[in-house]
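Put chain V on the given structure of chain P with help from the hints.
Read top to bottom, the protein sequences are chains P and V. Mapped onto the numbering used here, the consecutive letters of the first sequence carry residue numbers 1 to 418. Mapped onto the numbering used here, the consecutive letters of the second sequence carry residue numbers 419 to 836.
Some hints here could point you the wrong way.
Listed below are the simulated BS3-like cross-link pairs for lysine-lysine, each with C-alpha atoms no more than 30 Å apart in a straight line [as the list claims (entries may be wrong)]:
#	chain 1	residue 1	chain 2	residue 2
1	P	K104	V	K632
2	V	K577	P	K104
3	V	K564	V	K577
4	P	K159	V	K784
5	P	K165	V	K667
6	V	K632	P	K159
7	P	K118	V	K632
8	P	K104	V	K784
9	P	K165	V	K784
Derived by calculation from the structure, the hints in this document are not laboratory data.
2 protein chains.
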Amino acid sequence: MVAEIICVGTELLMGNTVNTNAAFLARGLADLGISVYYQTVVGDNVSRLTDAVHTALDRSDIIITSGGLGPTEDDLTKETVCAAMGIELIEDPHTRQRIEEFFKRFRKGRIVTDNNWKQAMIPKEGFAIDNDNGTAPGIVCEKGEKRAILLPGPPHELKAMFTDKVVPYLAKLQPDRLYSRMIKIAGVGESNVETRILDLIDNQTNPTIAPYAKMGEVHLRITAKASSEEEGMALIEPVAAELRKRFGKAIFTEEESETLEDVVIGMLRERGFSIATAESCTGGLISGRLINVPGASDVLNESYVTYSNEAKERLVGVSHETLLAHGAVSEETAAEMAKGAALAANAEVGLSATGIAGPGGGRPDKPVGLVYIGCSVKGKTEVRRFEFRGSRENNRSHTVQCALILLRDMLLFTVDCI
Amino acid sequence: MVAEIICVGTELLMGNTVNTNAAFLARGLADLGISVYYQTVVGDNVSRLTDAVHTALDRSDIIITSGGLGPTEDDLTKETVCAAMGIELIEDPHTRQRIEEFFKRFRKGRIVTDNNWKQAMIPKEGFAIDNDNGTAPGIVCEKGEKRAILLPGPPHELKAMFTDKVVPYLAKLQPDRLYSRMIKIAGVGESNVETRILDLIDNQTNPTIAPYAKMGEVHLRITAKASSEEEGMALIEPVAAELRKRFGKAIFTEEESETLEDVVIGMLRERGFSIATAESCTGGLISGRLINVPGASDVLNESYVTYSNEAKERLVGVSHETLLAHGAVSEETAAEMAKGAALAANAEVGLSATGIAGPGGGRPDKPVGLVYIGCSVKGKTEVRRFEFRGSRENNRSHTVQCALILLRDMLLFTVDCI
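Okay, chain P solo, but in the shape it has when bound (with noise of 0.2 Å):
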């Protein structure tokens, strides 16, 4: 089965958007066994956007495209697609209903204009895909052989819609499908864990290893192709045990929805530890990564942005001896920091962030993206030392990553201990 993939927007051809979209609809076809030969992006124009669904339609099985769904005249995806492959609109009561009650509940007082009604049509042959995170359906469209599906162009919307309703969707028309499994690595660089696998990934036919780098973190997708999940996963077992034994304790989870974030809360659930940050340079983002976790209240009471000296003084007692010997950008400083937020917070851990993100305030002996991370485990401290080098948000999102790694560190140390 072949799918190509068809980007609608203006921005895109203006260059004003980096398509993500078209990566992240690519990678899941990929994983659904299902070959991609062409991606094209076609502004909001009638004549060319028709052109090249009818290019593609003639040499795909199935067409995605992302954008042009919304409620004003630039949005026409729906009816150009429609057009071309001879399907009539009808309005969908459903759909309709929808729209009231987004406007209803999040749009207080707003008008429902006229333009808001046309998300309501629907292909006569095809079906919608609700929305629930905008107010613009997905599209089914089915013409004998032919599947065009049709997504909303922002990120958030086409990727939970793609994820939860396209994806069983597109599992059912392929028979011989992929299988795969994750296995996350935290605080290995991406050259050094594809130097260690190097043998493997040149030996490779089924199953297949392909890493995938994001900020601190491997990412290792085994997959093999196979006719049944049992076939599939006896395929990619020793390819997993043999990365396990590799790796060992730098694997921090093989849930493939599990975030590094997920994994330390949940360490600290079953220690019944509670945790409390005090940040300068992340100015709560630690916290607030803690805190994308469901449930995150049973592990965090409070937490606190010590931006200024004295707040670092006040609220978490820092000693003033210390800022003024060795700096707020140092290992005292940073340690006091942990120890004090645990204390202060009457938690068993603390940990804590200190540093100069840029992009002014660095000096000969205390660089831009110099940053130290402590953490303190029922009263034992650990403070590390990093020079990042990156743009002011950067060195930031840099310094969250290895305080998460920081802890999951001493939180593995502790239950050695034990």
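Same frame as chain P, now just chain V:
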């Protein structure tokens, strides 16, 4: 003049790489006033790439490709494009010499394997563009009125080559350029904005207005085609003035790179105010976003993550009675959190958020997505109620955005009162 972008690479089709080259090239072409109607991604496959090149040359004056210029067997962009255009390849002594020098300087001790020499082959009708960051030169093919510009895939090679060599080449072919201005609006929905400018969009030719929505903001780009910056700005200014009249204070900036947090930090600084946040469901993300801004320390000394009820009482003085009577997620609690944050930090401004981010914790009267955002400026407090719907992460991002909008509204009002 119309150009078309073709990106060559299996890694793009598989979704392993996000196509940042396409966005970069599109932006550069837009700045030159060259229209782009299609972008295509195709794998390293002769017959499909040939099809894509023929289609593109039929409908466009210029094609620009990225990728597939390297030394390996998979790299076949140059051979394929030249064959499609009927152009012969000949060896270029200058390029051959550059490859030899590159290996001498950067690949000491490595043998220049035979496949490298194919990079020295250049079109008889056209020329090579020196690559200062790698071995594969760029290629320009010129056949009649058609041009094909082939660039290497690695973004740093492509970007340098495009900016330094291709832009001047294209500028000579194209007298008119595009000039643009950005107008950013917060707190007005996308379809509302579009409805209010429909008449302008319907009648536009030069300049044009392109709306682009991102969470809680709508960005309007006004673009004019002109032969000089003066002429361009003269075309843009009346449209900008009209938009200012229609959207007034909802416009938070006209600076391309300025963010909402930049603006509110600037407003606080102008007024000599400092700010502290008290955050429950956002867990520090509002404070974290404010501290995105370099120099935020002028206006933010500390903030509080008050996730538990007990922390709300102890850290920012929410009264026990309020929590009992109205609950943690209530207008009253949000107001006391905002006032209490300002008081505890001895700041002029307090900003608070308390809500049910989900997925659990919802009740009929307090559903998932219910959020109260409070802002207190010099004792005057306002609370806004929201019902977001989406993932936990999404609800929290929306909350951060709406908190900054409320803060800006309150600060605007402060100036009006002076």
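So, going through the hints one by one against the coordinates:
| no. | hint | verdict |
| --- | --- | --- |
| 1 | P:K104 / V:K632 | holds, 22 Å |
| 2 | V:K577 / P:K104 | violated, 48 Å |
| 3 | V:K564 / V:K577 | holds, 23 Å |
| 4 | P:K159 / V:K784 | holds, 27 Å |
| 5 | P:K165 / V:K667 | violated, 41 Å |
| 6 | V:K632 / P:K159 | holds, 16 Å |
| 7 | P:K118 / V:K632 | holds, 22 Å |
| 8 | P:K104 / V:K784 | holds, 16 Å |
| 9 | P:K165 / V:K784 | holds, 28 Å |
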